[in-house]
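Chains F and Z, in that order, give the protein sequences.
So in the numbering used here, the last one in the first sequence is 114, and the numbering has no gaps at all.
So in the numbering used here, the last one in the second sequence is 229, and the numbering has no gaps at all.
What the hints contain is simulated information worked out from the structure, not anything from laboratory work.
A quick note: this is a predicted structure, and the numbers were derived from the prediction, not measured.
Incorrect hints may have been included.
Here are a few chain Z residues that face chain F, going by a calculated C-beta distance under 7 Å [what the hints assert, rightly or not]: (1) H157; (2) L162; (3) L170; (4) K172; (5) G173; (6) F219; (7) G220; (8) G222.
C-beta: ideal position from N, C-alpha, C; glycine also.
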Amino acid sequence: SAVISQKPSRDICQRGTSLTIQCQVDSQVTMMFWYRQQPGQSLTLIATANQGSEATYESGFVIDKFPISRPNLTFSTLTVSNMSPEDSSIYLCSVSQSNGNEQFFGPGTRLTVL
Amino acid sequence: AQSVSQHNHHVILSEAASLELGCNYSYGGTVNLFWYVQYPGQHLQLLLKYFSGDPLVKGIKGFEAEFIKSKFSFNLRKPSVQWSDTAEYFCAVTPAFTGGFKTIFGAGTRLFVKA
Numbered sequence: 001s002a003v004i005s006q007k008p009s010r011d012i013c014q015r016g017t018s019l020t021i022q023c024q025v026d027s028q029v030t031m032m033f034w035y036r037q038q039p040g041q042s043l044t045l046i047a048t049a050n051q052g053s054e055a056t057y058e059s060g061f062v063i064d065k066f067p068i069s070r071p072n073l074t075f076s077t078l079t080v081s082n083m084s085p086e087d088s089s090i091y092l093c094s095v096s097q098s099n100g101n102e103q104f105f106g107p108g109t110r111l112t113v114l
Numbered sequence: 115a116q117s118v119s120q121h122n123h124h125v126i127l128s129e130a131a132s133l134e135l136g137c138n139y140s141y142g143g144t145v146n147l148f149w150y151v152q153y154p155g156q157h158l159q160l161l162l163k164y165f166s167g168d169p170l171v172k173g174i175k176g177f178e179a180e181f182i183k184s185k186f187s188f189n190l191r192k193p194s195v196q197w198s199d200t201a202e203y204f205c206a207v208t209p210a211f212t213g214g215f216k217t218i219f220g221a222g223t224r225l226f227v228k229a
């Protein structure tokens with residue numbers, strides 16, 4: 001298993017600003033993912049964070065809006081850029097030791113954009 | 115496109131009642147199947163998983179799930195629920211043996227167990 005922390009746990013931001021969310025894991029992991037969970041909806045994969053290279057984004061998500069860094073095997077950041085109220089959501093970091101295997105989730109970051 | 119359907123968005127049961135939460139997926143190939151649970155105020159965590167072998171898998175806290183390949187289903191069951199089972203339950207599917215390994219989550223089912 002893995003213990004995952006996220007910062008901040010919640011934030012309220014103004015339209016047009018950016019927020020960077022940090023994800024820290026207590027052990028080295030192969031796979032790191034970023035999800036969005038909008039109110040009343042399921043988890044949607046934003047991207048897979050790749051160590052030492054550009055993230056792999058899912059359809060509907062682009063690097064300019066959601067830049068991701070992963071400098072090592074235990075840390076990643078997701079930035080939500082130029083925010084609008086539609087970006088209000090819970091953002092979740094998850095990790096897995098191998099493709100297709102179970103994931104361990106962080107506590108999430110609850111973002112409200114005014 | 116691949117999808118996961120959970121039949122019930124909200125379920126209310128009394129303690130000791132039996133539980134079955136439906137999950138169907140649309141993908142013709144080999145899949146890995148998961149049920150995750152999120153208790154109030156806690157992280158999402160794994161309840162049980164199926165990769166291969168016996169299609170009836172047992173998880174934590176007395177939960178089990180049955181994979182029926184012909185029905186593309188992976189329903190979650192518990193014979194007798196407790197108040198502490200109040201939580202949101204997510205079915206998830208990952209296509210196996212493909213390059214993407216993207217996990218698709220269902221919309222979730224909120225279970226409330228009355229004491």
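So, going through the hints one by one against the coordinates:
1. H157: Because about 5 Å separates H157 of chain Z from the closest Cβ in chain F, which is inside the 7 Å limit, the hint holds.
2. L162: violated, 10 Å
3. L170: violated, 18 Å
4. K172: violated, 15 Å
5. G173: violated, 11 Å
6. F219: Because about 4 Å separates F219 of chain Z from the closest Cβ in chain F, which is inside the 7 Å limit, the hint holds.
7. G220: holds, 6 Å
8. G222: holds, 6 Å
The structure fails to meet hints 2, 3, 4 and 5 from the earlier list, while all remaining hints are met.
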